[in-house]
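Can you make the complete structure from the sequences, with help from the hints?
So the sequence lines, in the order shown, correspond to chains A and B. Taking this note's numbering, the leading residue of the first sequence gets 1, the next gets one more, and so forth. Taking this note's numbering, the leading residue of the second sequence gets 1, the next gets one more, and so forth.
In case anyone wonders, no lab produced these hints; they're calculated from the structure. Misleading hints may appear alongside valid ones.
One copy or two, either will do: identical chains are not told apart, so a pair holds if it fits within one copy or between any two.
[Unchecked claim] As a list, the in silico DSS-like pairs of lysine-lysine whose alpha-carbon atoms are at most 27 Å apart:
| # | residue 1 | residue 2 |
| --- | --- | --- |
| 1 | Lys150 | Lys124 |
| 2 | Lys261 | Lys150 |
| 3 | Lys293 | Lys150 |
| 4 | Lys319 | Lys261 |
| 5 | Lys261 | Lys293 |
| 6 | Lys124 | Lys276 |
| 7 | Lys150 | Lys319 |
Protein chains: 2
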Amino acid sequence: MALEERDFPGVAFQLLVPAGAVNDPEGLEGASTLLEGWLWKGAGELDARGLAQALDALGVRRSSGAGLEYTAFAASFLPEVLEEVFRLYALLLTRPRLPEEGFEAVRSVALQSLLSQEDQPARKLFSELRRRVFLSPHGRDPLGREEDLKRATPKALREDFGRRYTPRGAVLAVAGGVSWERLLGALEPLALWEGEEVLYPPPLLASPERFALRRPTAQVQIGLVYPDVGPEDPGFYAARLALEVLSGGMSSRLFTEVREKRGLVYAVSAFPAGVKGQGLLMAYAGTTRDRAKETLAVMLQEMERLAEGVTEEELARAKVGLRTALVMGDESIRTRASSMARDLYMLGRVRPLAEIEARVEGTTLAEVNAFLRAHPYRDPWVGLLGEVEDV
Amino acid sequence: MALEERDFPGVAFQLLVPAGAVNDPEGLEGASTLLEGWLWKGAGELDARGLAQALDALGVRRSSGAGLEYTAFAASFLPEVLEEVFRLYALLLTRPRLPEEGFEAVRSVALQSLLSQEDQPARKLFSELRRRVFLSPHGRDPLGREEDLKRATPKALREDFGRRYTPRGAVLAVAGGVSWERLLGALEPLALWEGEEVLYPPPLLASPERFALRRPTAQVQIGLVYPDVGPEDPGFYAARLALEVLSGGMSSRLFTEVREKRGLVYAVSAFPAGVKGQGLLMAYAGTTRDRAKETLAVMLQEMERLAEGVTEEELARAKVGLRTALVMGDESIRTRASSMARDLYMLGRVRPLAEIEARVEGTTLAEVNAFLRAHPYRDPWVGLLGEVEDV
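Structural data, given as structure tokens:
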């Protein structure tokens, strides 16, 4: 748990519960998604409608959803309702109704959500890429599988709830206008929450491969995945700065080479997408069929060229870019609560903003280039989706 | 122009230039989009690369794009680079190179962007809906039309630039850690910017109709459009509160009736989408083919039921919801600069947050219900996209 107190007339929290696709029960992929939906069907004295009305009456802006590694509950509200908000979330976690009669609507919504992915080509491609990148369950899609969603029973999910909705391994991050003392008081109803530790499988990579998914789409989607270092690695900040050189602004290499010079695409980007214990770098572009080959070639080349190093000028731009992003991102307590929670999950501690800034600032050109020589971005998983024959 | 000074180590601005799809030249739809892209190909002493590098070296986080009513340039950065940032944007506006050799790449990117819409069913549906809602050019898509993008010449666009990239009708909103005095100094290079007033056509609605676009998508997309009041209307806050009752939280009517009770969809929402001089309310849902009919029926019914009024309890929840959203949205200087600019464009003045809060708070149940009786949400434009026969 962590709090960052601020002089601000609002509070935001992010709660991570250790129930994600990676530890969904075998044969029940999507269980975390079903559970998260079912949870809102009532808790304690409140039915679904009562619960929704109670939170809306407090003005709580909230979102929640099951992801790959955990289920995240985010909420923001005015400080005066802090105690009542945590009382309701404690009810949700310790006394959910999980009522039989609400279950089919939850299953139906989950199936709709899975189906809607078929109409989102880029999302579909990266879901398929992940399946091929990991031998471990880290390749799963949090939306689950149709057959598993259809197979799920209220009984199996209630057992699963008891096993995975547990404070051991849960993470809570709070930012905004509230003191430690008051926060601790507000969290008292959560003292009733109990459970055992949940096991997480270790991530395990498959061998790189190339594949094409034929679909009748207008554009061809291109996705690349490279192994990378995570925030626990000494090379993390070097990698982060290299990524900024690659894809951080309009003068970044990918934007310049793929879009500006050649007009090959409307959108091209690279972004970190790792899991705990296994960093990953992904890259994306969408283009026309007749430009797909050239686009892919330029992307692969720019990734590989990183091993030759970046220039002093590029590094300076990357540093100022990251510093500005830190200052700007920092102003939102919601953003901050979210990255604090991610830090707690990944590293077991929150990195203060001053630490991140100092590490970015302190990383030298020699360090970045030594890192890039030692960790070349080569031999990725390559996926194409669209009217394509082969890779 | 407007400034909201804040004690914050960052500055954000939003600049609106009066070049949007509504005043794209006849036969040249997409001209604003082409111009915005072409603009970044160099200005004054800087070529495309030099310009991108100069802004990235200052750590400017920026985005820009042509929309329906104007082209928006947004930027955020640290206060110490304020003068240099405005010097570069002034260069862009007063001395763009618009170089022949960069033009084909710009056209290519615009065509890619238009093509990518074909793979986004919901976006495609609303683009088609807009075309049918308006008799005036407000039905255009800012991405333009393929034939027009292909027809555009550097000469025609340079003329268009001279006509529409003008300070008359442009809007600048700034928020963050900078004083009026300093801002005025930084804006001096913009004194060179000149031009005539740009004409905007008045919005003109067509008659409501229903249509279906057959596409081989997994889901059926449903879109509704209703005429509504804009921010200049005395009924605006009543309408805004009614929208919150309809679609503002988990206890909102649409979410409860369409998703929670019936599990018909994963996503359902209603949102304002008007233009200057003509408010619009739009509603969206995506569902399976066999549930499309029921989903549409429930949506139409909930919209029509608003005429019967909302309850005291619903209104109270709507007010606290909007108030919390105001506090939370307000924290970001980028969000604030953007809504200040929109206010300047729509109303000719910025509504202080305190005014919005007071108007929300002061709107009574009687006022909301009188508004809803007088402005029933009936007879919408209805569009479906997917494997459907008819509406």
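Hints and how they fare:
Taking CA atoms no more than 27 Å apart as the test, Lys150 paired with Lys124 passes inside one copy only; the shortest distance there is 20 Å, against 31 Å between copies. Taking CA atoms no more than 27 Å apart as the test, Lys261 paired with Lys150 passes between copies only; the shortest distance there is 19 Å, against 49 Å inside one copy. With identical chains, the CA atoms of Lys293 and Lys150 are at most 27 Å apart between copies only, with a shortest distance of 23 Å across copies and 39 Å within one. For the homomeric pair Lys319 and Lys261, the shortest alpha-carbon distance inside one copy (24 Å) is at most 27 Å, but the shortest distance between copies (50 Å) is not.
Taking the shortest Cα distances, Lys261 and Lys293 sit within 27 Å of each other inside one copy (16 Å), while across copies they are farther apart (48 Å). Taking the shortest alpha-carbon separations for Lys124 and Lys276, only the intra-copy value of 23 Å comes in at or below 27 Å, while the best inter-copy value is 38 Å. In the homo-oligomer, the alpha carbons of Lys150 and Lys319 never lie at most 27 Å apart, since the shortest distance is 49 Å inside one protomer and 40 Å across protomers.
Hint violations for this structure: number 7 only, all remaining hints satisfied.
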